[in-house]
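Asks: The lines below spell out each chain.
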Amino acid sequence: MSSLRRYFAVRSVQTVMMLALVMTALFVLFRSMPGDFTAQMAASGANEEALQAIREQWHLDEPLYMQYYHYLANLVQGNLGESPVYRVDVWEFTKLRIFNTFILVAPAMTFTYVIGVAIGTVAGSNRGSAFERFGTVPIIGVGSSPAFFTAILLVIVFAVWLNLFPTSGMTSPGSTEGLAWWEPYLTRDFAAHYVLPFTAVVCRYLFIPTLIMRNSVVEVMGEDFTEYYRLTGLPTLTRLRHIAKHASIPVLTIYPVSLARALGGLVLIETVFNWPGIGFTLVEAVLARDYPTVQFVFFVVAAFVIVSNFVVDLVYGVIDPRIRLEG
Amino acid sequence: MSEPLLEVDDLTVQYETDDGMLTATSNASFSISEGEFFGLAGESGSGKSTLAKAIIGGLDDNGQVSSGTITYRGEEIQDLSDKELSQRIRWKEISWIPQGAMSSLDPLQRVSEQALEIGNVHTDLPDEEIRDKLKETFDIVGLQESRIDDYPHQFSGGMQQRAIIALALFLEPELVIADEPTTALDVIMQDQIFTYLDRLKDELDISLLLITHDISVIFESCDSVAIMHASQIAERGTTDAVHANPRHPYAFMFKEAFPDIREPKRELEVIEGHPPELMGEVDFCSFADRCPWAAPECREGAPPTESVEDGDPSHVTACVRKEEAYEMYRSDASPIDDGSGAQSIAQMGEVD
Numbered sequence: 042m043s044s045l046r047r048y049f050a051v052r053s054v055q056t057v058m059m060l061a062l063v064m065t066a067l068f069v070l071f072r073s074m075p076g077d078f079t080a081q082m083a084a085s086g087a088n089e090e091a092l093q094a095i096r097e098q099w100h101l102d103e104p105l106y107m108q109y110y111h112y113l114a115n116l117v118q119g120n121l122g123e124s125p126v127y128r129v130d131v132w133e134f135t136k137l138r139i140f141n142t143f144i145l146v147a148p149a150m151t152f153t154y155v156i157g158v159a160i161g162t163v164a165g166s167n168r169g170s171a172f173e174r175f176g177t178v179p180i181i182g183v184g185s186s187p188a189f190f191t192a193i194l195l196v197i198v199f200a201v202w203l204n205l206f207p208t209s210g211m212t213s214p215g216s217t218e219g220l221a222w223w224e225p226y227l228t229r230d231f232a233a234h235y236v237l238p239f240t241a242v243v244c245r246y247l248f249i250p251t252l253i254m255r256n257s258v259v260e261v262m263g264e265d266f267t268e269y270y271r272l273t274g275l276p277t278l279t280r281l282r283h284i285a286k287h288a289s290i291p292v293l294t295i296y297p298v299s300l301a302r303a304l305g306g307l308v309l310i311e312t313v314f315n316w317p318g319i320g321f322t323l324v325e326a327v328l329a330r331d332y333p334t335v336q337f338v339f340f341v342v343a344a345f346v347i348v349s350n351f352v353v354d355l356v357y358g359v360i361d362p363r364i365r366l367e368g
Numbered sequence: 005m006s007e008p009l010l011e012v013d014d015l016t017v018q019y020e021t022d023d024g025m026l027t028a029t030s031n032a033s034f035s036i037s038e039g040e041f042f043g044l045a046g047e048s049g050s051g052k053s054t055l056a057k058a059i060i061g062g063l064d065d066n067g068q069v070s071s072g073t074i075t076y077r078g079e080e081i082q083d084l085s086d087k088e089l090s091q092r093i094r095w096k097e098i099s100w101i102p103q104g105a106m107s108s109l110d111p112l113q114r115v116s117e118q119a120l121e122i123g124n125v126h127t128d129l130p131d132e133e134i135r136d137k138l139k140e141t142f143d144i145v146g147l148q149e150s151r152i153d154d155y156p157h158q159f160s161g162g163m164q165q166r167a168i169i170a171l172a173l174f175l176e177p178e179l180v181i182a183d184e185p186t187t188a189l190d191v192i193m194q195d196q197i198f199t200y201l202d203r204l205k206d207e208l209d210i211s212l213l214l215i216t217h218d219i220s221v222i223f224e225s226c227d228s229v230a231i232m233h234a235s236q237i238a239e240r241g242t243t244d245a246v247h248a249n250p251r252h253p254y255a256f257m258f259k260e261a262f263p264d265i266r267e268p269k270r271e272l273e274v275i276e277g278h279p280p281e282l283m284g285e286v287d288f289c290s291f292a293d294r295c296p297w298a299a300p301e302c303r304e305g306a307p308p309t310e311s312v313e314d315g316d317p318s319h320v321t322a323c324v325r326k327e328e329a330y331e332m333y334r335s336d337a338s339p340i341d342d343g344s345g346a347q348s349i350a351q352m353g354e355v356d
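The listed protein sequences correspond, in order, to chains X and U.
Going by the working numbering, the letters in the first sequence line up with residues 42 to 368, in that order.
Going by the working numbering, the letters in the second sequence line up with residues 5 to 356, in that order.
Read the hints as simulated data drawn from the structure, not as lab findings.
Some hints here could point you the wrong way.
Unchecked claim - When the alpha-carbon atoms are kept at most 30 Å apart in a straight line, the in silico DSS-like pairs for lysine-lysine are as follows:
id : chain 1 : residue 1 : chain 2 : residue 2
1  : U       : 137       : U       : 87
2  : U       : 139       : X       : 286
3  : U       : 205       : U       : 269
4  : U       : 87        : X       : 286
A quick note: this is a predicted structure, and the numbers were derived from the prediction, not measured.
Full structure from sequences and hints, please.
Replies: Right, dumping it as structure tokens:
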């Protein structure tokens, strides 16, 4: 199994390099933006001494390569600075919001993929059936409508008309007082608030794994080894399992891409549901030119996509022995 | 001859299509006795693979045996359920070597994993015993025993071919069906594979149903042959008899469409057109439209299968003009034949 270990090692190194690259790109991007960074950091009406203090604190009067060095050192140490808008530490301010987003997106997207793969497998292996031809139409229809539209529709039907779920927010007002930071996530109240945003994410992205899996299954069904499996008399379920394993490789490839898209698209869903996540935070921060926050949220999203790519690569290596050789 | 191992009698296989029932095999009959190598030859589209798949219940979902019987060791198996076939017939009795071995092995599974799956479906043997059987078979086909745990991509093309032959043999079947087993290989590999198959004949005493479009391969390695054209068996008999005295126009034209090392100067025959796709009942000779000697009676009812009186009791042909067609062909189409071809194949038979 040494080829598998070497493959993992190579991929790990590549992942760390990618993260470093993203850090650098963010630095270049933000330093090349127009406007005086110091002025943005300062409270309005700050005097020259206050500005000088900020320059010294963030090493803004030093040459660019020194700024880069301090930027990297700070980031690695987790020293993210202070939000000039909220006057609180960026990490303190964003950590719960990051968590809120991931607790929504990661399970919702995973669920989306599991369901999509199942539907795609059934559709692809029953090619030409009514289910294959018409079953995917509503999935594509919902996926093609704008996320906010689907979200608002869900709110109108399930929250306003049927009154099954709360319309927005993550918890009911006042319900979290005196609780530790993690305790609200275990309440029924949270679960009730969770259902609609979760459904909105699933509806928005379900078509991606469904369609890819369907096409992929149709392709694998035409392979010689599928025919051979049939002739060997393997039971249908066993054969379907083998087919799904092959067909899931393209779906896996697209998974991190979808995650990235979902994080981006989540801005709209979070806004409709007033979900205190990073999408919401990011929009506010951009509008307020809250550089440290924007920079950090960008980094978190990029890192998340890179790390999920890394995980998918590892899964590839386990599933497909041919990939390990490429190192 | 002893009781036949496999007997296919009057078998018609049809596929349901949007345009109606497509007849892939029409009233085909032949039998294979124990230890016999039987060749089934024909162009692509002649129905030979369909016929073979019907034997192990491997027809596509829209295919069905419409009439006729398949008898294995005295038991009719054409109506057995999928489960019964799996439990009793497939791989334990009749196994399959697929066309294109290189793409028939699942690239995501070790060869041993695939063998275990096949073994567990068809037998109650413990895993360790299945692995041992596979190792033994690997040895027979000339692969190292230790390589049963390799993935297919770790083998060369020829080794993959041998691995899939091992997968067909490791449960010790009586009959192996090989569907164009060497089509994708170069001639050297082809020769090597047939050397292995010949060895198996001696060592394991198996029977082989070899399906190929390359009739020269059949003449080289099979005891008997059936030549199929568009769903019908045109001619059948021992390889020697069919080689020496082909009577059906398709049989001798098909035979002469391949180069023969014994007749290096002979011009290759060309058969115009393609086998037709036939819908519904085939009550005419399917070769009539391509046959230079077709007569009106060729299209009036399927030609009866009749013995060719040449000393081989199994040699039969389905041609209403079997007496005169070959004479006409010889008189105007083949200036160089002096009858030595027939002699040399008889001698070859003795050497074998």
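Asks: Evaluate each hint against the coordinates.
Replies: Okay, the hints, checked on the actual structure:
At most 30 Å may separate the alpha-carbon atoms for a hinted pair to count; residue 137(U) and residue 87(U) meet this at roughly 24 Å. At most 30 Å may separate the alpha-carbon atoms for a hinted pair to count; residue 139(U) and residue 286(X) meet this at roughly 27 Å. The suggested pairing of residue 205(U) with residue 269(U) is violated, with an alpha-carbon distance near 33 Å, which exceeds 30 Å. Under the criterion of a C-alpha separation no larger than 30 Å, the hint pairing residue 87(U) with residue 286(X) is consistent with the structure, at around 24 Å.
When held up to the earlier numbered hints, the structure conflicts with hint 3 and nothing else.
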